[in-house]
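Q: Quick note, the sequences are listed as chains A and B, same order. Residues in the first sequence are numbered from 1 upward in steps of one, following my numbering. Residues in the second sequence are numbered from 1 upward in steps of one, following my numbering.
Do not rely on the hints blindly, as some may be mistaken.
DSS-like, lysine-lysine: derived pairs with alpha carbons at most 25 Å apart [stated by the list, open to error]: (1) A:Lys366 / A:Lys85; (2) B:Lys59 / A:Lys369; (3) A:Lys369 / A:Lys85; (4) A:Lys295 / B:Lys59; (5) A:Lys366 / B:Lys59; (6) A:Lys335 / A:Lys346; (7) A:Lys85 / A:Lys162; (8) A:Lys369 / A:Lys70; (9) A:Lys85 / A:Lys326.
The following label-pair restraints were derived from C-beta to C-beta distances [claimed, not checked]: (10) B:Val69 / A:Asp297: 23 to 31 Å; (11) B:Gly168 / A:His373: 54 to 62 Å; (12) A:Arg158 / B:Ala60: 16 to 24 Å; (13) B:Val69 / A:Lys369: 22 to 30 Å; (14) B:Ile116 / A:Arg65: 30 to 38 Å; (15) A:His373 / B:Val69: 34 to 42 Å; (16) B:Leu73 / A:Val300: 57 to 65 Å.
Incomplete in silico selection of chain B near chain A, CB under 10 Å [stated by the list, open to error]: (17) Gly123; (18) Ala178; (19) Thr180; (20) Phe214; (21) Gln258.
In short, the hints are calculated from the structure, not lab data. Fair warning: this is a prediction, and the values are worked out from it, not measured in the lab. Each residue gets a CB set at the ideal place from its N, CA and C atoms; glycine is no exception.
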Amino acid sequence: MRPVRLSRVFTVAAALAAAAPLAAEEYRVGILLPFSGVYAGLGNHIENGFNLGLDHFAGTLGPDRIVTFKADTEANPATGLAKAKKMVLQDRADLLVGVVSSAVLGALRDFVHQSRTPLVVANAGNDDATGQNCSPSIVRVSFSNSQINRPMGAWMGRQGIKKVFLIAPDYAAGHQMMEAFRSGFIANGGEIVGEAYPPLEGTSDYGPFLAAAKSARPDAVYAFFAGAAAIAFVKQYHDFGVDREIPLHGAGFLTSAAYVQVQGEAAHGITASLHYFPDLDTPENKAFQAAYQAKYDGAVASEFAVQGYDAARLVIEAIRAAAGDKEKVKSELAKVRFTGPRGPLKIDPATHNIVQNIYVFRNEFKDGKIVQHILETIADVQDPPNGCVM
Amino acid sequence: MPSDSAFWVVQILNSMQLAMLLFLLSVGLTVIFGLMNFVNLAHGSLYALGALSSYSIAKALGGMWPAYVLAPLIVTAVGAVLYLTIIDRLRAAGPMKQVLASFGLIFVLIDAQRYIWGTDQLGVSHAPFAGSVMVLGEPYPAYRLFIIAVGAVVFALLYVLLERTRLGAEVRASVDDAETASCVGVNVERTFFVVFLIGCALAGLAGAVALPAFSAEAGMGVAILVPTLAVVIVGGLGSLTGAFLGSILIATTLTFGQVLFPRFASILMYALLVVVLLARPSGLLPARSA
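Based on the sequences and whatever the hints tell you, model everything.
A: Okay, structure coming up:
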C-alpha cells in the first residue's frame, strides 16, 4: 500500500475541523432578586416571568445554552452588593438580571460599571440609574419613575383637570414620581394645590392625610403607593368616603394586578397609568397571560412578571445578535427591539432606559372582580438624558 | 389645617381603633411579661398567624365570622406547642437567652408562614360592617367602629375574669408575688400556661380583626411589635388596666402625631416612652407591688 502523504492527512483533518459545528457557548446568567423580606412577592413574580421567557425563547439559541443561578438580595444594599460580587467573581456570571430595590441598584452601580458586567434591570425605577448615574453596563427593561408619571400629568391636564393634590410616601421614589407628575401636569395648564408625604415605614392610618386632601378642595388626588401601603390607602380612600367627592388617580402601582383584587370594590373608579396591565388587548399579551396562567396555577401575570419575561427575551435576542461573541453581547443588549406583551419595546442608546408605551386605564368593579379598561395609549415614552453621559 | 369638630372626632375614633388593636396584642404580652418574666418577641408573629389563618378560613368557609372564632383557636394551639417545646424550657434562663430564642422564633415563624401562604399580600374584600356610618357629617368606616367595640368587650370580659373569678385571683396573686402564691396553694405553673394561652388567643383575634381593614403578609407582625412593646412598657408590666391605658396613650400619640407633625410621629412615641420611664420606671399602672 502506498504510504499516505502527511500533508494530505493534515488537509483532510483541517477540512473536517472546519466543517464541524462551532463549540456551543454557555452563557451564565445570575438572577439577583429579593426572595425574602417585604419585596419577596415582587422577586417571585419577576423570576416566574423570566423562567417563562426562557421556556419560550431559549430554543432559538441553537446549540448555545443559558445557565441560570440565583441569589437573594433581601432588598438590602450591602447584601445585594456582596451577592453580586460573588456571582461575577466566583460564579463567573456573564450577565446579571434583576434588582427590585432602587437602593440595591445604587449600591451595585459602581461595581457593575467598573467590572463591565452587563446588568439588565428588571424593576428598580430610580431615575438616576439611567440619568446622572447611568453606565454602558446597565440596561433597564422595566421602567423609570418619571416615565410612568410625567405622561399621566400631561394626560390629566389635557382632560381639563385643573387642581390636584399629591400624596406619596416620603422617600426617593415617592418624590421622584410626584415631581415627574408635577412637570407634566403644570406644562398642560394644571395647578398643584397641596401635597402630603406620609412616612414610608409605620404608617397604616392615612386618615389625617385624606382629611388634608379634602380640605384643599382639589379636582382630583394623584397618589403613588405600592404593596401593603397601596392596599391600605385605597381601602381607606374608599372607607372614609373620599372617593365620592374627589376621584383618585395614581401611578399604576396603586392598583397593581398583584393586589388589585384584594382591594376589590375600593379600587372602583381609580384612573391610573402604567407600562402594563393584564387586560391589555393585544394578541401578544393574550398569549402571554394564557401561558403564564397555565404555568403558574392560574395566577394573573403582573407588571413585575412581564418585566422578567421581557428581560429574558432581551438577553436571548442580544445573545443571538452577538453570534457567539460574548463581548459583543454587552453592546447588543442596548440594540434589541421587539414587540412583547407590553407592546413595542426598545432601549434608548443615550440612557439605556427602556422606551415603551404608557397606558392610562380605569379600574371597574364588575361581578365581584376588578377589570381594567384602557382609556388612552401614550406611545413610545422616552426619558430625557437627565445628565446621563455614556 | 382643618378645625371643624368633625375632623377631630374622626381622628379620636382613629386613635381608639388603633388603641384597641394594640390593646388586644399588648394585654397578652404584658401579663406574660409580668407573670412569667418572659420576653416573648414572637408575639407579633402570632398576630400575623391569626391574620393569615383568618384569610384561609374566610376563603374556605366564605366569610369572616367563622374566622373570628377559629383563628384564635388555631393560634392558641400553635402557642401551646411553642410553650411546651421551647418557652417552658427557657423560663429559667436569663432574659438574654429568652430574647435570643424568641427573636429567632420570629424568623422561623415568618419563613414557615411564607412557605404556607406565599409572599404576596393577601386580603379579603368582603368583610362584615362594610360601608360607612355618618359621624358628625363625615363618613367613617363602620368596620373601625366594630374594632373599637371588640376591644372594649374584650377589656370588659378580661376585667371581670381578673377581678371576679378564681383564675383571676390566682393570676393577680402570681403576678404580685409568685413564691408566696405557690406557698398558699396556687398552682403557679398551670396559671402561667393558661395566661399564655389566653395571650395567644388574643393575638390571633387581633390578627383576624385587623385582616379586613388592612392586608396580611408573613412579615406584618414585625411592624406592630414595637408599638406593642411600647404599650407594655408605658402601661406597666402585668397590668390589664395598664395595657388599656398604655394602648390609648400610644395610639393617640401616633395618630395625632401624624396629623400635627407627620415627619416626627414615630419619634413622638419614643419621646413618650422616655418621659414615662424617667417619671415612672415601672410604667403608669404596674401590677406588681414595689
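Q: Hints first: check each against the structure and report whether it holds.
A: Evaluation of the provided hints:
1. With a C-alpha separation of about 49 Å, the suggested pair A:Lys366 and A:Lys85 falls outside the 25 Å cut-off, and the hint is violated.
2. Pair hint B:Lys59 plus A:Lys369 holds up; C-alpha atoms about 15 Å apart against a cutoff of 25 Å.
3. Restraint check for A:Lys369 and A:Lys85: the C-alpha separation of about 44 Å exceeds 25 Å, so the hint is violated.
4. Proposed proximity of A:Lys295 and B:Lys59 is supported: the alpha carbons are some 23 Å apart, at most 25 Å.
5. Taking the CA atoms of A:Lys366 and B:Lys59, the gap is near 20 Å; set against the 25 Å cutoff, the hint holds.
6. Note on A:Lys335 and A:Lys346: the hinted pairing holds, with a Cα-Cα distance of about 7 Å set against a maximum of 25 Å.
7. Using a Cα cut-off of 25 Å, the hinted pair A:Lys85 and A:Lys162 is violated, with the two alpha carbons roughly 50 Å apart.
8. Between A:Lys369 and A:Lys70, the direct Cα distance comes to roughly 35 Å. Violation of the 25 Å bound is thereby established for this hinted pair.
9. With a C-alpha separation of about 19 Å, the suggested pair A:Lys85 and A:Lys326 falls inside the 25 Å cut-off, and the hint holds.
10. One distance hint, 23 to 31 Å for the beta-carbon pair B:Val69 and A:Asp297, holds here, with the actual separation near 30 Å.
11. The hinted window of 54 to 62 Å between B:Gly168 and A:His373 holds, with their beta carbons roughly 59 Å apart.
12. Checked against the given bound of 16 to 24 Å, the beta carbons of A:Arg158 and B:Ala60, roughly 48 Å apart, lie outside it.
13. For the pair B:Val69 and A:Lys369, the supplied restraint of 22 to 30 Å holds, since their beta-carbon distance comes to about 29 Å.
14. Taking 30 to 38 Å as the suggested C-beta distance range, the pair B:Ile116 and A:Arg65 conforms, at roughly 35 Å.
15. Distance hint check: the CB atoms of A:His373 and B:Val69 are about 40 Å apart, consistent with the given range 34 to 42 Å.
16. Taking the beta carbon of each, B:Leu73 and A:Val300 are about 33 Å apart, not inside 57 to 65 Å as hinted.
17. Interface restraint check for B:Gly123: the shortest CB-CB distance to chain A comes to about 4 Å, inside 10 Å, so the restraint holds.
18. Annotation: B:Ala178 was flagged as interfacial toward chain A, and the flag is violated, the nearest CB pair being 36 Å apart, outside 10 Å.
19. A hinted interface residue such as B:Thr180 counts as satisfied when its beta carbon comes closer than 10 Å to some beta carbon of chain A; here the least separation is about 42 Å, so the hint is violated.
20. At a threshold of 10 Å, the smallest CB-CB gap from B:Phe214 to chain A is about 5 Å, leaving the interface hint in force.
21. Because the beta carbon of B:Gln258 sits about 5 Å from the nearest beta carbon in chain A, less than 10 Å, this interface hint is met.
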